[in-house]
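Enquirer: Here is how the chains run, residue by residue.
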Amino acid sequence: MITKIDKEFIKTLAREGKREDGRAFDQFRDLKIETGFAKNAEGSALVTLGETRVLAGVKLSVGTPFADTANEGVLMVNAELGPKASPEFETGPPKEGAIELARVIDRGIRESKCIDLEALCITPKEKVWMVSVDIDPINDGGNILDAAGIAAIAALHDVKIPKLDEDVRPIFGTNSGKLKLRHIPIPVTTFKVNGALVMDPDFEEEASAEARLTVTSVEGFLCAMQKGGESNFKTEEVVRAAETAYAKATELREVVKQAVGL
Amino acid sequence: MNGTMEENVESAPAPMDPGSVLIASNKSIVVPGELIAKGVDFLPGSGTYKEAGEVRSKVLGLVRIKSDRLISVVPLSGQYMPFAGDGVIAVIADVQISSWMADVNAPYVAFLSLSEGVEEYVDLQKSDLTHYYDVGDVIYAKVLSVSKRKDVKLTMRDRMCRKLHGGNTMKITPTKVPRLIGKGGSMIELIKQKTGCHIIVGQNGLVWIKGEKQDLAAEAVLLVERESHVEGLTDRMTAFLDSIQQVI
Amino acid sequence: MSEEHKKIIVGDRRPDGRALDEMRPITAKAGVISRANGSAHFAMGSTVAIAAAYGPRELHPKHLQDPVRAYLKYVYAMAPFSTQDRVKPGPSRRSTEISEVSRQAFNSVIFLEEFPKAGIEVFVEILQANASTRCAGINAASIALADAGVPMTDLVSSCAAGKVDGKIILDVAGEEDTEGEVDMPIAYIPRKDEIALLQMDGLLTLDEFKEALELAKKGCMQIHEKQVAALKERYVRVASEIAKKGPVRESAEEVA
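Going down the list, the protein sequences come from chains A, B and C. The first sequence begins at 0 in numbering that gives the first Met the number 0 and counts up one residue at a time. The second sequence begins at 0 in numbering that gives the first Met the number 0 and counts up one residue at a time. The third sequence begins at 0 in numbering that gives the first Met the number 0 and counts up one residue at a time.
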């Protein structure tokens with residue numbers, strides 16, 4: 000929990016155009032990406048954003064497609080806000096926060112069409128690849144969502160698809176090639192703190208924010224958006240947030256590209 | 000008692016039993032279970048326990064030996080445990096009919112009754128207690144009492160006690176509070192003087208800072224948090240504060 | 000269905016080249032999660048655990064509060080991507096049992112009576128699994144608890160012995176785990192010579208059991224050294240960084 004005077008302090012700074020750690024409003028903390036972090040995952044990435052650390056792991060299995068998309072593989076994104084990452088998180092089934100986090104990242108990836116789901120079909124109507132992306136925050140230093148989105152896409156780029164045996168079962172630890180991806184969708188969330196639009200907040204700034212807007216984009220397009228928080232944005236603010244988020248995503252994408260060897 | 004006094008020629012108050020051996024040296028880092036000393040002459044102080052004639056550490060911390068006999072370990076980490084008389088910075092967590100509950104950064108929520116919280120007469124029919132302290136407000140209070148079962152009571156009936164306005168708060172490891180205050184308040188006075196900030200240090204590890212250079216004061220506090228276990232802290236602090244003053 | 004059993008251990012050589020009584024390489028680090036009160040990363044070979052410790056803190060739900068001592072909570076979980084097949088998140092019968100036996104392993108070493116009504120909570124997650132995950136979890140939890148400043152009589156150390164191709168070996172891993180005859184994880188308090196956890200699956204003669212136990216204890220003692228080093232390293236590191244910067248002035252140090 001944040002105290003009133005600390006909230007007040009952060010809000011006053013924001014009104015004066017300042018942040019506690021001296022960053023510009025649209026300035027991210029240092030972003031580091033380490034792929035291949037979890038060796039038993041088909042793909043993984045550990046993202047460090049200042050104090051925040053999020054691990055994403057991808058598991059591949061073979062399953063039956065949904066009837067309405069019989070020629071497509073299945074993408075699933077799941078997130079757990081476990082108590083190791085923050086004194087505010089609890090055990091138990093995912094609550095609203097974790098579910099929203101997973102869904103925002105899921106839509107960013109899905110709507111960008113970066114994964115060719117048809118290419119994940121093994122035998123139509125019968126067997127397809129099931130791609131499970133699990134988001135695992137290690138330390139909540141604020142802005143888990145952007146870190147998680149970057150971790151997810153970096154982990155997907157790290158995926159090595161296993162070979163299949165005669166019974167169409169994956170052979171663990173083998174590599175038949177990388178998962179093919181077309182784009183790198185990057186979520187960038189803008190937080191409204193006392194009217195100022197701030198990016199990549201630490202956890203105190205995040206706790207002081209009245210509203211947030213996540214904009215996921217690929218080169219040339221915005222692909223998903225989500226507004227959250229108790230307060231609202233003005234039209235002008237939404238447009239500015241989208242523009243800044245798009246520009247910021249372009250910067251961050253370069254870091255991802257480098258990390259995944261593109 | 001056959002005197003083997005060689006080891007303690009300078010200060011040994013009394014000869015030691017030949018079975019008494021000091022294993023860990025003063026100021027060394029020890030972990031839970033680590034053997035510090037054995038023998039009848041050594042007494043277990045805070046942060047230690049004695050079992051089968053051996054004094055061992057309970058915590059990760061620094062060994063402190065007093066009068067060559069009393070062994071304690073100053074923890075390098077850990078939570079605050081309230082103690083009667085402590086001055087603490089508390090955050091109001093709930094307002095009830097005639098009392099407040101406050102978070103004192105401890106495993107136990109503290110209780111502040113109306114009579115201990117406010118000096119003036121309050122007519123509960125007419126008055127809303129949030130007028131005095133509301134949820135999220137920060138106060139400097141004294142721990143009035145702690146029962147065996149850890150019921151913690153606070154009081155505002157002390158010269159320094161008040162609601163804090165403005166500035167901001169930070170948390171340090173509560174076990175490092177004595178180092179932040181320094182001998183006779185020397186360390187905190189140094190920081191106050193060189194930064195010109197108002198600073199209140201709660202025994203519970205919360206620090207309230209207000210002033211133009213509060214970010215510098217905060218950095219100085221963090222220096223204590225990070226480096227207090229390494230010798231020469233006062234000198235490094237002076238150097239740090241002087242270097243900052245030159246820049247400004 | 001009687002297939003000729005293929006030997007995993009040839010002579011005294013194990014699949015990964017280790018000797019029979021050799022542990023996998025161990026790495027341990029304290030203080031890896033800044034928002035937890037204490038934390039640790041512990042790896043034995045490719046089994047990797049991370050632990051966060053909190054408390055003593057106010058315990059919820061309230062009915063768990065014990066008026067005379069702190070309640071110790073231990074949660075063991077596997078990351079969904081930590082194994083060959085994805086692990087479904089949330090507690091399972093297996094993880095619930097492991098959490099419980101691990102909690103019991105710590106119960107005797109923590110000074111719980113100093114904190115009536117409070118909660119001391121450890122959350123362990125296996126990031127990568129290759130046998131002995133509960134052991135890696137306990138080793139990480141031990142460091143995390145000490146890092147959090149929780150008073151304890153001792154650190155708890157844990158590793159497994161096993162039996163593969165009729166031979167008693169230390170720290171079962173890889174195909175030794177899937178193909179082996181016996182896996183026996185223990186948690187051990189070296190100073191007191193106390194076994195705080197013991198589980199065994201498979202067939203062992205009494206002599207083999209004694210041999211396995213001695214071997215596992217030997218492993219725990221090696222782990223104990225690594226745990227101690229990890230805890231001290233965190234603070235020694237700061238001192239050496241300061242030393243590198245050079246002395247500020249001749250020290251006339253005060254005593255706190």
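Careful, some of the hints might be misleading.
Coverage of chain A stretches by chain C, computed from C-beta distances (three or more under 8 Å per stretch; other residues unrestricted) [to be verified]:
1) 6-13
2) 56-63
3) 104-117
4) 147-153
Residues from chain A that keep clear of chain C, each with C-beta distances beyond 10 Å, as calculated [what the hints assert, rightly or not]:
5) ILE1
6) ARG22
7) GLU41
8) SER43
9) GLU50
10) PRO86
11) GLU99
12) GLU165
13) ARG181
14) ALA206
15) LYS226
16) GLU235
17) GLU253
18) LEU261
Derived EDC-like pairs: lysine to aspartate or glutamate, alpha-carbon spacing no greater than 20 Å straight-line [what the hints assert, rightly or not]:
19) B:LYS141 x B:GLU119
20) B:LYS149 x B:GLU115
21) A:LYS124 x A:ASP105
22) C:LYS5 x C:ASP182
23) B:LYS149 x C:ASP65
24) A:LYS17 x B:GLU118
25) B:LYS149 x B:ASP133
26) B:LYS209 x A:GLU33
27) B:LYS147 x C:GLU193
28) B:LYS147 x C:GLU112
29) B:LYS212 x A:GLU7
30) A:LYS159 x A:GLU33
31) A:LYS162 x A:GLU125
32) B:LYS149 x C:GLU112
33) B:LYS162 x B:GLU224
34) A:LYS159 x C:ASP84
35) A:LYS6 x A:GLU19
36) A:LYS38 x C:ASP84
37) C:LYS244 x B:ASP234
38) C:LYS244 x B:GLU188
39) B:LYS49 x C:ASP65
40) A:LYS17 x A:ASP164
Just so you know, the hints here were simulated from the structure itself, not pulled from any lab data. Computed from a prediction, not measured in an experiment: that's the story for all the values here. All C-beta atoms in this analysis are idealised placements derived from N, C-alpha and C, irrespective of residue type, glycine included.
Enquirer: Evaluate each hint against the coordinates.
Expert: Hints, one by one, checked against the model:
no., hint, in the structure
1, 6-13, "violated (count 0)"
2, 56-63, "holds (count 4)"
3, 104-117, "violated (count 0)"
4, 147-153, "violated (count 0)"
5, ILE1, "13 Å, holds"
6, ARG22, "18 Å, holds"
7, GLU41, "8 Å, violated"
8, SER43, "6 Å, violated"
9, GLU50, "5 Å, violated"
10, PRO86, "6 Å, violated"
11, GLU99, "16 Å, holds"
12, GLU165, "19 Å, holds"
13, ARG181, "23 Å, holds"
14, ALA206, "13 Å, holds"
15, LYS226, "27 Å, holds"
16, GLU235, "35 Å, holds"
17, GLU253, "26 Å, holds"
18, LEU261, "22 Å, holds"
19, B:LYS141 x B:GLU119, "18 Å, holds"
20, B:LYS149 x B:GLU115, "18 Å, holds"
21, A:LYS124 x A:ASP105, "23 Å, violated"
22, C:LYS5 x C:ASP182, "19 Å, holds"
23, B:LYS149 x C:ASP65, "12 Å, holds"
24, A:LYS17 x B:GLU118, "39 Å, violated"
25, B:LYS149 x B:ASP133, "24 Å, violated"
26, B:LYS209 x A:GLU33, "40 Å, violated"
27, B:LYS147 x C:GLU193, "32 Å, violated"
28, B:LYS147 x C:GLU112, "11 Å, holds"
29, B:LYS212 x A:GLU7, "17 Å, holds"
30, A:LYS159 x A:GLU33, "16 Å, holds"
31, A:LYS162 x A:GLU125, "18 Å, holds"
32, B:LYS149 x C:GLU112, "12 Å, holds"
33, B:LYS162 x B:GLU224, "25 Å, violated"
34, A:LYS159 x C:ASP84, "15 Å, holds"
35, A:LYS6 x A:GLU19, "11 Å, holds"
36, A:LYS38 x C:ASP84, "13 Å, holds"
37, C:LYS244 x B:ASP234, "13 Å, holds"
38, C:LYS244 x B:GLU188, "26 Å, violated"
39, B:LYS49 x C:ASP65, "26 Å, violated"
40, A:LYS17 x A:ASP164, "59 Å, violated"
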